[in-house]
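Assemble chain H onto chain W, guided by the hints.
These are the residues of each chain, in order.
Number of protein chains: 2
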Amino acid sequence: MQEETGDMARPVEPGHFSTCESRLDKHIAGLCSVDFPVAVVLPAGGSGERTGLLTPKQFCTFLNRPLISYTIQTFERVPWIQSIVVVVAKERLDLMMDIIHRFHHRNVLVVHGGSTRHRSIFNGVRALGEGEDGTARVKPKVVIIHDAVRPFVEEDFLLKITMAAKEQGAAGAIRPLVSTVIATTLEGYLDHSLERTKYRASEMPQGFIYDVIYQAYQRCSESDFEFGTECLHLALQYCGTNAKLIEGPPTLWKVTYKRDLAAAESIVKETLSQSACVVTGGSAQATELANALQRSMSALDMEVDVISDLIGDNAKSLSKEWNFIQVSVNSSCLSEVGKTLSALEEADRALLHPVVIIWVYLNVSENDLSGNEPMGGEPAAMMELATGAKLGNILVYGIQLHHSKETTLWGRSVERVAQMSCALIRDRSPALTGQLLQA
Amino acid sequence: MQEETGDMARPVEPGHFSTCESRLDKHIAGLCSVDFPVAVVLPAGGSGERTGLLTPKQFCTFLNRPLISYTIQTFERVPWIQSIVVVVAKERLDLMMDIIHRFHHRNVLVVHGGSTRHRSIFNGVRALGEGEDGTARVKPKVVIIHDAVRPFVEEDFLLKITMAAKEQGAAGAIRPLVSTVIATTLEGYLDHSLERTKYRASEMPQGFIYDVIYQAYQRCSESDFEFGTECLHLALQYCGTNAKLIEGPPTLWKVTYKRDLAAAESIVKETLSQSACVVTGGSAQATELANALQRSMSALDMEVDVISDLIGDNAKSLSKEWNFIQVSVNSSCLSEVGKTLSALEEADRALLHPVVIIWVYLNVSENDLSGNEPMGGEPAAMMELATGAKLGNILVYGIQLHHSKETTLWGRSVERVAQMSCALIRDRSPALTGQLLQA
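Here the protein sequences line up with chains W and H, keeping their order. The C-terminal residue of the first sequence carries number 439 in the numbering used here, and the numbering is unbroken. The C-terminal residue of the second sequence carries number 878 in the numbering used here, and the numbering is unbroken.
Fair warning: there could be bad hints in the mix.
In silico PhoX-like cross-links for lysine-lysine, where the CA-CA straight-line distance does not exceed 20 Å [as the list claims (entries may be wrong)]:
#, chain 1, residue 1, chain 2, residue 2
1, H, 755, W, 258
2, H, 693, H, 708
3, W, 166, W, 139
4, H, 580, W, 254
5, W, 339, W, 390
6, H, 759, W, 269
7, W, 269, W, 139
8, H, 580, H, 599
9, H, 578, H, 605
10, H, 637, W, 198
11, H, 778, H, 829
12, W, 390, W, 405
13, H, 708, W, 258
14, H, 693, W, 254
15, H, 708, W, 269
16, H, 637, H, 605
17, W, 166, W, 141
18, H, 580, H, 605
19, W, 269, W, 258
20, H, 697, H, 708
21, W, 320, W, 339
22, W, 258, H, 693
23, H, 759, H, 708
24, W, 269, W, 320
Honestly, the hints are just simulated from the structure, not real lab data.
If we strip away everything but chain W, and leave its shape as in the complex, we get (with noise of 0.2 Å):
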């Protein structure tokens, strides 16, 4: 069974993922040093019995997204790279078709896999070369086989190991060893170790030519289906092929325990709060507070950018991958909220990660310096908005500060707005959302 997905609409989000036609533009133009059809397979039929969890861990889900729908993104913002396959054991192809489905994700073909690793990615190779029926499809000149669960290769590194394998005919990551590799004897005593220095650990992407891993599938034997680890080692066994091997980054790392869910899910959450944009609507006093919150989150390593609205020019900013500060002085409604709300809907900004709005509401008023006046029904409707943009995964949080004339107190409600700012945007906690804190 095989499921084509490449026809699907998907959001055009610029910088990260390209259209077919900006590809070739690409190659045309000759930006891109990868001239030919590059294709790649991601096993992904594993029973994830070591992360000690039910669901293999390439399901497991962290900021609403499962895990390889963002290794599928990570190809997906690759330009040289035509189609990813995926392989997934019988009873999870709905289950893929489905994540594909709810994440835009195209250019995916979804086959089925083997018993066994080698036999999963070989259907995945044969799926690049003929269709179901049969029929013959337009081969890539290079194949990368990587892992469903090493989420975080680099564009960089891919390219690497796409040229080393056009060249060499194959080609795989290697990385340092952590531990001392030692032989065992057959009574559970130490028979010697390996001097580590010689040693490496093969990891993923490994890159082939396709021929040479198509034949090297056909040629070997049911033993090395059965029981074989390393592709590199029949691509060398069976067509003579000897792969070059490239130290690959640390990034390779592949998500192995559920202590590496909860790793993953801190990089992305890491990646995912490192700028903010605040919208000031444009009066003087949003603009000076603004430039306040600007170089105190710089201080807590946050990349802040100032603007009036989100119209026009500014509005790209709705594009790039940042979270919102949404300014308001003195004005009792929420409508500002909304329209950032709105704007960010519209263009579709939450499909693959949670956005944060952070709405701060700055009280010129003489008359309380508590600031803790309440506001009409600014804290049941905050809610009400925060709780629908939940359900299109836009985390919307409140920031109620009092502005003094005092320099002392002042400064010091700015820095808790930028400390409150950055715990919020890192920790993107659903169930705080609607609430209106007090700086």
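Just chain H now, kept in the frame of chain W:
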């Protein structure tokens, strides 16, 4: 240089830290099968290049505490371990002594490291047998060697290693290989891949009869000191002691990269977020709310205990690794939270981990159903109390809810309190302390 901390005062945390006397008691009572002296050497001289951080990873901090303190605590919790030697680089001696004082670690001897891992371990082993001035100490029977960056090793596994070391002379933890190991040619091509099933990763802890490891180091060559990586190998080569290898759990894992710190933090946060104690003050309405919270929070995987106060027998809740939820009904003062806070401070509960107190304020007045009624000076008083508490590593948050006679509305409010409480306890965000949230 050696500094001892054996006679430092430290708080007794029943169930976690035993005093010296209770250790002896256990031996005498035969509750523990280890009836011989055991010591630990923790080499902590590494530079931590692989984390990509400036601070060596063993000194990196999460939840206000450096990683090495978590590892030391793990060994302090084991009643049959007499002493811990930490080996650090000369330039980190002061930092290490400061950590020991700040977190009240005891029975810890700090010695400075050598230029390589083996020289550092030997320094640690030697310090167990003789004082700085060359005077003899009472040597332990078995010495466990562990890494400062593996904080989650469990007592039962330490016991296995210790008993096997006593019987065989040496024992070490092994784990299955996560990646295929390959040998590379000088030119960077694949030479051959190892058959995964025949090899294991050698991990820590390892255990040795003191005289075995001491003699192995005395007899080994300068080249071993310089380039060797495997203590088990030295025991075999220089003392003819063949190590028993024991398959260890995934928790032996070593914090190597920056992402591992995030994983470690996540594991500790999860451990700290497993249980909460709701203190009701005894009123019927508070008890009703507490029972409802108990049901909702249990469904969110949190163990919840309901008690009326922290006096008498209930005071034992203070010594458990629990978080606290203090329910107040119509009371406009924070004194109940203040009492719980003082009790926790007196019990020194926040010495090693931040503790969370959530003040749940239940408003049962009839006149406002929106739940947004301001409560006099509460928010300001709350912020002041929380700011003070934070200095002592106690995180105070508030949640206000309105009592509704309408069952659905009430159920929804309780559900929100439960969700927010779980999120606040899990995230432990210092920036959000002192806030009074609305349920």
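Here's how the hints hold up against the structure:
no. : hint          : verdict
1   : H:755 - W:258 : violated (33 Å)
2   : H:693 - H:708 : holds (18 Å)
3   : W:166 - W:139 : holds (14 Å)
4   : H:580 - W:254 : violated (40 Å)
5   : W:339 - W:390 : holds (15 Å)
6   : H:759 - W:269 : violated (31 Å)
7   : W:269 - W:139 : violated (37 Å)
8   : H:580 - H:599 : holds (15 Å)
9   : H:578 - H:605 : holds (14 Å)
10  : H:637 - W:198 : holds (18 Å)
11  : H:778 - H:829 : holds (15 Å)
12  : W:390 - W:405 : violated (36 Å)
13  : H:708 - W:258 : holds (14 Å)
14  : H:693 - W:254 : holds (15 Å)
15  : H:708 - W:269 : holds (16 Å)
16  : H:637 - H:605 : violated (26 Å)
17  : W:166 - W:141 : holds (8 Å)
18  : H:580 - H:605 : holds (8 Å)
19  : W:269 - W:258 : holds (17 Å)
20  : H:697 - H:708 : holds (17 Å)
21  : W:320 - W:339 : holds (17 Å)
22  : W:258 - H:693 : holds (15 Å)
23  : H:759 - H:708 : holds (15 Å)
24  : W:269 - W:320 : holds (15 Å)
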